[in-house]
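Chemist: Line by line, the protein sequences are chains W and D. Residue numbering for the first sequence follows this note's numbering, beginning at 9 and increasing consecutively. Residue numbering for the second sequence follows this note's numbering, beginning at -12 and increasing consecutively.
Simulated from the structure, these hints should not be mistaken for lab results. Errors might be hidden in some of the hints.
Unchecked claim - Here are the simulated DSSO-like cross-link-like pairs (lysine-lysine), alpha carbons at most 27 angstroms apart as the crow flies:
(1) D/Lys388 - W/Lys350
(2) D/Lys340 - D/Lys90
(3) D/Lys314 - D/Lys366
(4) D/Lys257 - D/Lys314
(5) D/Lys218 - D/Lys205
(6) D/Lys246 - W/Lys97
(7) D/Lys205 - D/Lys316
(8) W/Lys291 - W/Lys383
(9) W/Lys383 - W/Lys350
(10) W/Lys97 - D/Lys218
(11) D/Lys340 - D/Lys314
(12) D/Lys300 - D/Lys379
(13) W/Lys206 - W/Lys53
(14) D/Lys388 - W/Lys53
(15) D/Lys379 - W/Lys350
(16) D/Lys246 - D/Lys300
(17) W/Lys350 - W/Lys206
(18) W/Lys97 - D/Lys379
(19) D/Lys340 - W/Lys350
(20) D/Lys102 - D/Lys366
(21) W/Lys394 - W/Lys350
To be verified - Computed footprint of chain W on chain D; a stretch qualifies when at least three of its residues, placed anywhere within it, have a C-beta under 8 angstroms from a C-beta of chain W:
(22) 245 to 257
(23) 291 to 301
(24) 380 to 388
For glycine and all other residues, C-beta sits at the position ideal for the given N, C-alpha and C.
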Amino acid sequence: MNIYLLASLLLFPLLFSCEVLGPAEPEDYELLDGPVEDLTMAEIKRFIEGDVAFNDQIFTVETGLGPIFTGTSCVSCHAGDGKGHPFVKFTRFGQSFPGVNNYLNQGGPQLQNKAIPGYEPEILPSGAPHSSLVAPIVTGLGFLDAVSDQDIIDMSDPDDLDGDGISGRVHWNTRPDYVSDRPGTITLDGKYISRFGKKARVYDLLHQTADAYNQDIGITSYFEPYDTYSGDKLNPEIDRQTISDVVFYLKTLKAPIPRDQDNPDVIAGKALFQNIQCASCHKPTLETGYSPIEAISFKEFHPYTDLLLHDMGPELDDGYTEGYAYSNEWRTAPLWGIGLSKDSQGGQYYLLHDGRARSIEEAILYHGGEAENSKNMYQGLDQNEKSQLLKFIESL
Amino acid sequence: MKTFTLKYLKINLIILGTFCFSSTFSQENEELITNKNNEKAELNMDAVFNRPTLGFDKIPVTLGGYLEANTMYRIEEGITEGLSFQARRLTIFMAASISDRIKFLTEIEFEDGGKEVAIEFAALDVAFHPLFNFRGGIVMNPIGAFNENHDGPKWEFVERPDVSVNMLAATQSNAGFGAYGKTYSGNWIFGYEAYLTNGFNSKIISNEQDKTYLPAYKEGEDIFEDNFSGKAMFSGKLAIKNRNIGEIGLSYMGGVYNKFEDDDEEVEDKARVDVLAIDWNTTIRATGTYIVGEAAWVWVQTPDTYTQQYGNKQQGVFMDIVQPAYKRKIFEWEDATFNLAVRFDYVDWNVGKFTETNTNIGDQIIAITPALSFRPTPKTVFRINYRYEWQKDILNNPAEKAATWYLGFSSYF
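Construct the entire structure; sequences and hints are all you get.
Modeler: This is how it looks when you write it as structure tokens:
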């Protein structure tokens, strides 16, 4: 064979097949990460800065990790911006009743159960009330952050005046000094509406970010300067710009995109979701108020939450609470992205606050308290209807 | 690897230039031994001296080196950063026979366009007996097949094996000394190496890879000046070869890697790293097929209270199969050869199960790389590689897929 012919034959397909022979790009709806639409170019650059800090910055002993900690980076708890894996489950402890944590001088409220070599991690004090928590999905947080205080108050019904058995209430809580008011902030007796976290303990995304760097990774900052190990006020181990970029990244992560919305089973399941009153707490549609980020300002979105605290019954009552919530109260978890959570949890479901539910159905069956009626109605569905409902939830 | 200042770099280049220009005649040393002519080659451990060099009349010094460059087009989950051109490394080696029994050889590598300059090898060898040679200086730790035999022109692949460079720490060299030797009997060759050198450091369990990562020790300060743990690391290898069958090597290195004492006070529990590797190479006579590979295991002691992000057991393997497919004279090149080749890579950086869930920990990569290479002479290789890889994160989430095209060359000079 002519050697040049052979070479040409081998090179020809190479030149034209580079892209064809690479792995295909996943569809947008298969991924949780990515920016919201219509960001300006300057905003996209800032999003990327935050993306790098959130997903690529690993803390080491030299860069301030610990000395006691629970994770080494943001991404160790939020792989792919999705729900956390029990491998980095964290424990919060010390508070049984609204307003008082009696274990702050014993390491509370968060247990740093890992330590760099040469140090001893914290041990849960005997008898301390506590909850184990897996990290939540972080996409779409900017939309939740931009819901107006008034809208949250309007969804609440603390005395169940409408008589539907559901009495969601606002978590009025204190907040750190370094956070700022949102447009239209409403206060009550010096307290503010907090909305993030399993117990809606956290006021906004700056509060969440600075707190997580400090409590999860052991990183001191301008905002949270106290070392979790020594209690001493230390120099910042992360700069304000990085924290600001991460906050911007979290604000501008896109909302999860539902899948299979034309599937007849999904459509039927959506109707069942309304019929058995899941939607009373897992509200399908909310609206943002004003945001300085135009792409998330005055938008309708579909998180399946009301951002309120609800009594979830004794089975989910760990005896631990935060802020001014009761121990049986949990903030309605947004359901968006739940069908993709397996992709960040090692191919398996670990649902509810501590990952105890290994399937969506199991999570439903753990519901109690204000959700008892809905659970009972779910149990009354026939097998086909249950399947339709589960398919709908998985499509979110 | 030790990073040089520009000043030292200039001095080295002046010395090299002086040797070049002071020679009125030079001749090429024909003792090039590539991994294709396994039968006549000696052991893998001899690779450091089995390189083509230029000798100079009246000066007992030989010079050589190699250059590697390539283009790369990578597609990761459907997204590409476009075409890149890379000048990966320029390596210069210089050997001197100081007397009949005393040799010196150094290998200086410039990587990424000179961003990193490193002495990979700089050792004085004193031959007392074929079974006992002293070697001291900056020595290559004899672990696996690749570390001591890493010259680009010897391989059909642009990328180095994952297990060798991303689990082990090739090219790994350390300051230290030891001995090596060989003996022969009929078709059998037996060799050994044993060195005491500086060891690893705590970077291997605290690094921006967020995994136990032996190559991270290179980020440590003064690694050629200061032994981080204060305890010597042992590395050694036993190799046996049958000229008709092939070679197999068993290598080990290990020692304490952490600074467990400071100012004579104990500040941490002692923690060890231990590495075991098996390597092999053979040529199937009937077909001319050349096979080379290595498998390695790493055990690292980490505190129970540290994070499982950093595993305490790792394993990996690579295997290359190279098939000469077409050999003839092309232009003025006698025996120009086209080779078809394929490489299999596998590394698991964290072998075990999560304590919390009893499910498998991920942190693995599998890759397969078909290749076509053209060797106009044994010293020069042009190569086209297509690498397809599946990489799982620590949580064992669905693998991220990536494909990379390479077109490049590597040549001794």
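Chemist: Hints first: check each against the structure and report whether it holds.
Modeler: Right, here's what the structure says about each hint:
Between lysine 388 of chain D and lysine 350 of chain W the alpha-carbon distance is near 18 angstroms, which keeps this suggested pair within the 27 angstroms criterion. Between the alpha carbons of lysine 340 of chain D and lysine 90 of chain D the distance comes to roughly 50 angstroms, so the proposed pair goes past 27 angstroms and is violated. Straight-line distance between C-alpha atoms of lysine 314 of chain D and lysine 366 of chain D comes to about 15 angstroms, which keeps the hinted pair within the 27 angstroms bound. Taken as a hint, the lysine 257 of chain D and lysine 314 of chain D pair is broken in the structure, with Cα atoms around 56 angstroms apart against an allowance of 27 angstroms.
A threshold of 27 angstroms between alpha carbons decides the hint, and for lysine 218 of chain D with lysine 205 of chain D the separation of about 17 angstroms falls inside it, so the pair holds. Distance hint between lysine 246 of chain D and lysine 97 of chain W is unfulfilled; the C-alpha atoms sit about 30 angstroms from each other, more than 27 angstroms. This hinted pair does not check out: lysine 205 of chain D and lysine 316 of chain D have alpha carbons roughly 44 angstroms apart, beyond 27 angstroms. Distance check on the hinted pair: lysine 291 of chain W and lysine 383 of chain W sit about 16 angstroms apart at the alpha-carbon level, within 27 angstroms; holds.
Of the pairs offered as hints, the one joining lysine 383 of chain W and lysine 350 of chain W holds, with about 23 angstroms between alpha carbons and a cut-off of 27 angstroms not exceeded. At roughly 37 angstroms between alpha-carbon atoms, lysine 97 of chain W and lysine 218 of chain D are farther apart than 27 angstroms, so this suggested pair is violated. For a cut-off of 27 angstroms, the pair hint linking lysine 340 of chain D to lysine 314 of chain D is broken: about 50 angstroms separates their Cα positions. About 17 angstroms separates the Cα atoms of lysine 300 of chain D and lysine 379 of chain D, which keeps this hinted pair within 27 angstroms; it holds.
Annotation: proposed proximity of lysine 206 of chain W to lysine 53 of chain W is violated, straight-line Cα distance about 31 angstroms (limit 27 angstroms). Taking the CA atoms of lysine 388 of chain D and lysine 53 of chain W, the gap is about 26 angstroms. The hint holds against a cut of 27 angstroms. As the CA atoms of lysine 379 of chain D and lysine 350 of chain W are separated by approximately 14 angstroms, the hinted pair is consistent with the 27 angstroms bound. For the suggested pair lysine 246 of chain D and lysine 300 of chain D, the alpha carbons sit about 21 angstroms apart, so the restraint of at most 27 angstroms is met.
A C-alpha spacing of about 19 angstroms is found between lysine 350 of chain W and lysine 206 of chain W, which places the hinted pair at or below 27 angstroms, so the restraint holds. For the hint linking lysine 97 of chain W to lysine 379 of chain D, the alpha-carbon distance of about 20 angstroms falls within 27 angstroms, and the restraint holds. For the hint linking lysine 340 of chain D to lysine 350 of chain W, the alpha-carbon distance of about 18 angstroms falls within 27 angstroms, and the restraint holds. Restraint check for lysine 102 of chain D and lysine 366 of chain D: satisfied, since their Cα atoms lie roughly 26 angstroms apart, inside the 27 angstroms limit.
A C-alpha spacing of about 20 angstroms is found between lysine 394 of chain W and lysine 350 of chain W, which places the hinted pair at or below 27 angstroms, so the restraint holds. For a cut-off of 8 angstroms, the count of residues in the stretch 245 to 257 of chain D with a CB near a CB of chain W stands at 4, and the three-residue condition holds. For the stretch 291 to 301 of chain D, the stated coverage by chain W is satisfied: 5 residues place a CB nearer than 8 angstroms to a CB of that chain, which reaches the threshold of 3. Requiring three or more residues with a Cβ within less than 8 angstroms of a Cβ of chain W, the coverage given for the stretch 380 to 388 of chain D holds, as 7 such residues are present.
Checked against the numbered hints given earlier, the structure breaks hints 2, 4, 6, 7, 10, 11 and 13 and satisfies all the rest.
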